[in-house]
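Sequences are here, hints too, so could you generate the full structure?
Chains as they are written, first to last, in the working numbering: chain F, 1 to 482; chain P, 483 to 907; chain V, 908 to 1160.
The hints are simulated quantities; they were obtained by calculation from the structure and are not laboratory data.
Just so it is clear, the structure is predicted and the values come from calculations on it, not from any experiment.
Hints are not guaranteed to be accurate.
[To be verified] Here are the computed lysine-lysine pairs in the DSBU-like style, where the Cα-Cα straight-line distance is at most 35 angstroms: (1) F:Lys144 x F:Lys168; (2) V:Lys971 x V:Lys918; (3) F:Lys76 x P:Lys900; (4) F:Lys455 x V:Lys1061; (5) P:Lys632 x F:Lys356; (6) F:Lys417 x P:Lys900; (7) F:Lys146 x F:Lys417; (8) F:Lys417 x P:Lys796; (9) V:Lys1061 x F:Lys459; (10) P:Lys896 x P:Lys632; (11) V:Lys1039 x V:Lys918.
[Unchecked claim] If we take Cβ atoms under 8 angstroms as the criterion, some of the chain V residues that face chain F in the derived model are: (12) His960; (13) Phe994; (14) Pro1001.
The beta-carbon is built from N, C-alpha and C at its ideal position, and this holds for glycine as well.
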Amino acid sequence: MSTKSNDIESLVNRRYEHGFVTDIASDSLPPGLDEDVVRAISARKNEPEFMLEWRLRAYRHWLTMREPNWAHVHYKPIDYQEISYFSAPISDADRPKSLDEVDPKLLETYDKLGIPLHERARLAGVAVDAVFDSVSVATTFKEKLKDAGVIFCPFSEAVTDHPELVKKYLSSVVPYRDNFFATLNSAVFSDGSFVYVPKGVRCPMELSTYFRINAANTGQFERTLIIADEGSYVSYLEGCTAPMRDENQLHAAVVELVALKNAEIKYSTVQNWYPGDENGKGGIFNFVTKRGDCRGDNSKISWTQVETGSAITWKYPSCVLRGNNSVGEFYSVAVANNMQQADTGTKMIHIGRNSKSTIVSKGISAGRAQNAYRGLVRMMPQAQGARNHTQCDSLLIGKECGAHTFPYMEVRNPSAKVEHEATTSKISANQLFYCRQRGLSEEDAVNMIVNGFCKEVFKELPMEFAVEAQNLLNVTLEGAVG
Amino acid sequence: MSDIAIQHELLRAAVDRLPADRLSSVRQAALSQFSACGFPTARHEDWRYTNLAPAIERSNAWLREAATVQEYRQVELPTPAIDAYWIPIANGIAGDIPPELGELDITVRRLSDAGADSTLDTSEAMSSFNAALLRDGLKLTVGRDVRVEKPIGFLITDDSDTQIRLSQVRIIIEVGQHSHIRLIENYPRAESSNGFTNAVMQLELAPQARADYLRLQDCHSQHIQIGRLVARLERDTALHYLSLDFGGGLVRSDVEVDIAGVGAEVSLHGLILAAGRAHIDSHTRVDHRVGPATSTEEFRSIVNDRARFVFNGKAVVHAGADGTDAHQANHNLLLSGQAEVDTKPELEIYADDVKCSHGATVGQLDELALFYLRSRGLDREQATRMLTGAFAASILSSLPIESVRDALEDLLLKRLEKLTAGDLS
Amino acid sequence: MKEMLEIKDLKARIDGTEILTGLSLTVNAGEVHAIMGPNGSGKSTLAQVIAGHEDYEVTGGTVKFLGTDLLELAPEVRAREGIFLGFQYPVEIPGVNNAYLLKAAVNAKRLHQGQSEVDAFEFLKLAREKMKVLGMDPAFLNRGVNEGFSGGEKKRNEILQMAMLEPRLAILDETDSGLDIDAMKAVANGINALRDGDRAIVLVTHYQRLLDYIEPDFVHVLSNGTIIRSGDKSLALQLEERGYDWVREAANG
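In structure tokens form, the structure reads like this:
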């Protein structure tokens, strides 16, 4: 304990040198990353020793790593010393008091996206007590979960309240050394969700980040861990369609899912990060490591995502199909418009016998965007009778964008079956004319055709999300045609 | 996996020992180019699955022997009964050129001759290695409106049965406007091999020209064969290409087609039979620079024992290449638990008015089809052979040179029988 | 107004080639006109130009629909004003189901005409009624637009859409092409069910047989982009017997 307070003190002294004179607990750290910063983050969160040790191991390893270089994604080098790794919660005094103080353009977007009125205030960052029903809603929700025995809390809470679970499962799916961004995340992660569903329990409601009442900023280094114990089921929703702006450009989250025997995890994401202006300036860099471990026999993990926004997207939600008869699914719609660049896809690693994976990827490119699907299907020698089916379709809207498909298939078992198909096309003039002849405007026709293109993915989303996703697509592609 | 490197000083010495002739400056330039990067390693995306260590080792052994004077020494080998204008190429050096070719308005010159002015492509490491060590090569100039039914064949051998041999083969073929020729690149099977053949073929099709190209690789299981075909297609041309890999120990074949004129039509087909410890890597790339134009590609493989097949088919549709139709397919049959297939069809698309697709499968014979045949009295082995044969033979329907069909079917049958029997020789 | 469609000396081209070379035609409410002609005469072009396909360039003449200049209007506005084109080759739109497209189209038209939109229930009720009259299986509604449809199913789908949209002017482009006799009868029944005093129908057809089931009031022969002869239903029978050359020669001679 004393080591910790010494660290804080020395840090505080440093801070005084820089002229900051404020309350420690609600203070943001100045930009820069070194061991002291890692310690300070851990101290701020009152983490037990094991957590700090883990962070430090990761940080030291990160120093030895080099940033990956992907052919199809170009961005200005990130200066890791320019980033602040801990942001204090915004005080109520700095928040808008009501929706009247919020940028009308933002409200217009909420309208177009069909976001329910009661959610708009929360999304716009209006002070918590002005959102009168949020506290009561959260309370009933928490009670229901408690009755079922489901643990759903912020990650930082889990570290202190359920350390044994965290110790057991953290980094068992994404080892801290896994890749550059995952390692960075392991050192400086801010917060995220922790879910544990006990044996045989079917989580009574969909878990959503909405209910993780958390006054802190949206994490730039989110860390989420979801464990479904034997025979359990949970559906988790992440994100929302409202455009998420953030002062922090770099978002490097890590999500780990563990499904034990006969368990199922459904993870849905609808994300609309700020893509930057039409020239791509100021957009979010979304470098995420998401992986699911189908650890037990007959387990199942499905990833469903609708991603728009982000200046740069680099994410490959993956499944390790360890258990026999395990199932991995990946359904994705990725939209890139204006100057966005996306290099996304999935990895399905088949180890267990009769494991099965399904990949449906729909990419839409418009403006001057570049959208690449990069997937890996690997059948290990022991994956007797394993099956994969992949369908990747790209839709090009306009003459200046690009759509690319890079599927890697590595097969080492003769009884495994891999089937991959990809098509690239544009919205045909005939389809557009057909719809217009039926009375639809060109814009409505495009929306309809694009939604039809994405249908297979949308139907995997929980219902409210699906409707939101459709609206999101329409808004994102506004003005893309013609 | 250690990073073995070529012994550069020995390489330089070997290049310097080559006779001074018109190719000398080209060799030196290529050597500098190659020395800067060396052989490709697994860190290069295009060589991710293929380890060139055996080729480097063999090259170093050859360089150390210092008996690297390359001479034409032809070995008599049983070759398939194919009627063609055969040009024998032994140890990378061409033998006698069939005199009839001149009468057909097909001029064949050695690259060391004056008047054979050509640019040797050195855009890849293996091509610059080829140019650096090139003893001599050939240039074929086909005039306008030349139609020749009988194929021109390159019979590529070496005398590596008793010693290590490295052969650099370089052939440049220019086909004049409106002409139609057939070409065969043939690597027959020797009794044994310590050879490493590195071939670069450059093909230029003038407007409305057509080329039917057959690559038949039937090397010994210890042979290393690296080859590259670089083709440039002008307006309204057609290239029908079929590659058959029936042998070899370490084989890498690259086909790069540059569609530079509208109305061009490219079809690339391949059949790979990989057995024993063979490692066969087929890479293709079609650049659609303008449209409308079409490219169709289908590669099939049957892999047994501890063999490995790597496939990469890339179609790049450049901005403005509207009207492009590009389709690729790769189907693979894995017959054993230690065999491996790595496949990656790729699409890079920068134009929107296009129709592009690709598909890949890795799997087994259809159980239902097997059962059907068995219900008609065939035993499992016979049924397997029949279906495997059908899987392979369907590629022969894309055989661009009809006259060689019988000979090829015979050879295919022989090789397929050996493969399905699981011969580990 | 009795004059539904008034075409005067219409000239149109595509990719620089002139297809319609001065076509004039008047269609009144309540009438059924058949436009016949050999391949390449401009039949489909006429249909597409009336519907407003942007690949075609009108180089001369006028087209008035219910008194207003049609050529000024975008395709969807023409549709909302009451023009329906039954396509010769209805396109597939994967993932979009029939019901969804139809409801959007119905509502687009209603809004344009100052009516309120129908909700899902009302729409389905309406749809089921129409389908009953047409003798169509309600399952059609849930299928993707023309996705995996046979030729006959595609044409029947066009008729269903026409029934739901209740156009004032329906132009049916080779609605019977590629159909066997039973499918054609079903399509003809559907069209006949929609005939009334306020609606005009223009049937573009190559063969006479459809006209055995849908009796036209007028038959016009199109050749080289213009109408060279008009008559009543007996003209169609004469064409059947003597072929198109006969009319061409008669027009030239």
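Tell me the numbers of any earlier hints that the structure contravenes, in ascending order. Going through the list in order, the structure violates hints 3, 5, 7 and 11 and respects the others.
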